[in-house]
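Quick note, the sequences are listed as chains U and S, same order. Read in order, the letters of the first sequence correspond to residues 1 to 253 in the working numbering. Read in order, the letters of the second sequence correspond to residues 1 to 241 in the working numbering.
Hints in this document: simulated from the structure, not taken from any laboratory. Some hints could be false.
Unchecked claim - Each pair of labels, with its calculated beta carbon distance range:
1) S:S92 to U:G17: 47 to 57 Å
2) S:A55 to U:A246: 43 to 53 Å
3) S:E237 to U:V33: 52 to 62 Å
4) U:R220 to S:E237: 27 to 37 Å
What the hints assert, rightly or not - If you want the ones that stay clear, here's a sample from chain S, every Cβ over 12 Å from chain U, calculated:
5) Q23
6) P70
7) E114
8) E184
9) H185
10) S219
Stated by the list, open to error - Rough simulated footprint, nothing fancy, chain U against chain S, three-plus residues with beta-carbon under 8 Å:
11) 4 to 14
12) 120 to 134
13) 230 to 236
Using N, Cα and C, we set each Cβ at its ideal position, and we do this for glycine too.
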Amino acid sequence: MIESIGRRSISAIEEVGRVGYFLRDMARGLRDVGTWGRLVIVQMRRIGVDSLPVALFIAAFTGVVLALQASYTFTGAVPLYFVGTLVGKTMMLELGPVLTGLALAGRVGASMAAELGTMKVTEQVDALETLAYDPQSYLVVPRVVAATFMFPVIVAFSIAVGIVTGWLTSLALLALSTPDFIKGLKLFYLFKDVWFGLLKSASFGFTIALVGCIVGLSTRGGAEGVGRSTTRAVVYSAILILVLDAFWAVVLL
Amino acid sequence: MIEFQDLYKAFGAKRVLEGFSLQVRDGETMVIIGYSGSGKSVALKHIVGLLHPDAGEVIVDGQAVSTLAPVGLTLVRESIGYVFQFAALFDSLSVADNVALGLRRRRLDEEEIEARVHEALALVDLSGTDERFPAELSGGMRKRVGIARAIALRPRYILYDEPTTGLDPVTSAVIDRLMVRTREHLGVTGVVVTHDMRSAYTVGDRIAMLYEGKVRQVSTVEEIQQTDDPVVRQFIEGRAE
Chain U
1 MIESIGRRSI SAIEEVGRVG YFLRDMARGL RDVGTWGRLV IVQMRRIGVD
51 SLPVALFIAA FTGVVLALQA SYTFTGAVPL YFVGTLVGKT MMLELGPVLT
101 GLALAGRVGA SMAAELGTMK VTEQVDALET LAYDPQSYLV VPRVVAATFM
151 FPVIVAFSIA VGIVTGWLTS LALLALSTPD FIKGLKLFYL FKDVWFGLLK
201 SASFGFTIAL VGCIVGLSTR GGAEGVGRST TRAVVYSAIL ILVLDAFWAV
251 VLL
Chain S
1 MIEFQDLYKA FGAKRVLEGF SLQVRDGETM VIIGYSGSGK SVALKHIVGL
51 LHPDAGEVIV DGQAVSTLAP VGLTLVRESI GYVFQFAALF DSLSVADNVA
101 LGLRRRRLDE EEIEARVHEA LALVDLSGTD ERFPAELSGG MRKRVGIARA
151 IALRPRYILY DEPTTGLDPV TSAVIDRLMV RTREHLGVTG VVVTHDMRSA
201 YTVGDRIAML YEGKVRQVST VEEIQQTDDP VVRQFIEGRA E
């Protein structure tokens, strides 16, 4: 029992050390702008533009459900224009960033882990090195930079769509007028709500890409190994998103 | 010159190289033969710094590879072309872009890159495949693209990791002919890792047998064919006992 705890502790410390070395190598890779500069645009399209439909689909239905649940909760006790407040605040502070982050952990994180894992087991990563490329500059930095910058953009669109569908639902199903919805939306609005959500999204993007790259590049053992890496990337990313969500709430709210 | 000096490498409890020493002279093609899992590819990967030795050293042009800083290692890698066992082509890039990738790293202008890509593809009889993707190629064609990618760099050394494994006899002969042609055209020093004896006899100037982590015998092709060493004899004749 004690031996098992000791082994697990050592393994966890080693894992932290490996991540530390990975971050150091990534920082070194950042200096090679000539290599990652042109690749980051491709990744921004893949991570940003290609993820938009999924993110907006989720946001649209979240807005609808938020409006209906708010009205259900408020019935009789709270003025209905607070539906606008709840939809706006919740989308900006929590559901916009977190739901988008969790959805993209599946889409972006898994695809990165699978792609880099396949490259690793088929010796493409070794081939890059023999061609005198640093895999960090060529593979990791473009993905991490692109995800860090594109996640806030995707989340901004998601927040906007969630609020719009919440507003449309209020008009169609709750007999709430547009001026009342906007009154509620503005009621406790702070600019901090927006940047808090976007900062959180950037940290989610960074984390998802980093986890996808670390897990992908540590893949061993053929197709089965790639499958394991993909699952691990999604699970670790989802856990870290929730931990980061709590961290930012404690630190910034 | 490439020199393995008393190289040791283990993966966990499995000891792969145990005092492996070998000299590859400039201009020659050295073939390293040995059983599957005997550490041939492991030895090859030490030359380009993909693996680090537990003890001993690999010297390339007078430089100890494992002690080089990233810049020095990059310079050594720029003098070496590496042909991987399964070609290791980049799936998302066309044939031309695969061959051009190493040249782009060297910051050559696009005109020269294009010329070199065409020249390399012509040398491996793959002219006209520029726009195709690796998934559209046969195993033999992929290996030839891998060779084109290596020779396009005009390296001083080319390392071939199991170049004919998994290919039919005719395609294997084509790859052998390509390796010979590459040496004749470019005058490069080659290291070939294989257990295909027909290929070893065709392309090699000297053959070294790796056995139990070290060199069992290193000789010219003719000498190794006449060897009295029972272990080497059994291997080159492909006898079960």
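Next item on the list: Please settle this one: S:E114 was flagged as non-interface, so is its CB more than 12 Å from every CB on chain U?
Entry: Answer for S:E114: holds, closest chain U Cβ roughly 18 Å.
Checklist line | Outside-interface status for S:E184 - nearest CB in chain U farther than 12 Å | finding: holds, 23 Å
Next item on the list: Can you take a look at whether the segment 120 to 134 of chain S is actually covered by chain U? Rule is 3+ residues, C-beta closer than 8 Å.
Entry: violated (count 0)
Notebook entry, point to check: So does S:E237 sit 52 to 62 Å from U:V33, Cβ to Cβ?
Noted result: holds, 56 Å
Margin query: Given the hint of 27 to 37 Å, is the C-beta distance from U:R220 to S:E237 inside that range or not?
Written below: About 36 Å separates the Cβ atoms of U:R220 and S:E237, which means 27 to 37 Å holds.
Next item on the list: Taking the shortest Cβ-to-Cβ distance between S:S219 and chain U, state whether it exceeds 12 Å.
Entry: Check passes; 29 Å lies beyond 12 Å.
Margin query: Using Cβ atoms and 12 Å as the threshold, tell me whether S:H185 really stays out of contact range of chain U.
Written below: Holds, since 21 Å exceeds 12 Å.
Item checked: Claimed clearance of chain U by S:Q23, with the beta carbon kept past 12 Å -> Correct as stated: the minimum Cβ-Cβ distance to chain U is 22 Å, above 12 Å.
Next item on the list: Against chain U, does S:P70 hold up as non-interface, every C-beta pair farther apart than 12 Å?
Entry: Violated, because the least Cβ-Cβ distance between S:P70 and chain U comes to about 7 Å, which does not exceed 12 Å.
Item checked: Satisfaction of the hinted span 47 to 57 Å by the C-beta atoms belonging to S:S92 and U:G17 -> About 32 Å separates the Cβ atoms of S:S92 and U:G17, which means 47 to 57 Å is violated.
Notebook entry, point to check: Are there three or more residues in the segment 4 to 14 of chain S whose C-beta lies within less than 8 Å of some C-beta in chain U?
Noted result: Not satisfied, violated; 0 residues make the cut.
Margin query: Taking 8 Å as the Cβ threshold, is the statement that the segment 230 to 236 of chain S is covered by chain U upheld or broken by the three-residue rule?
Written below: violated (count 0)
Comparing the model with each numbered hint stated earlier shows that hints 1, 6, 11, 12, 13 do not hold.
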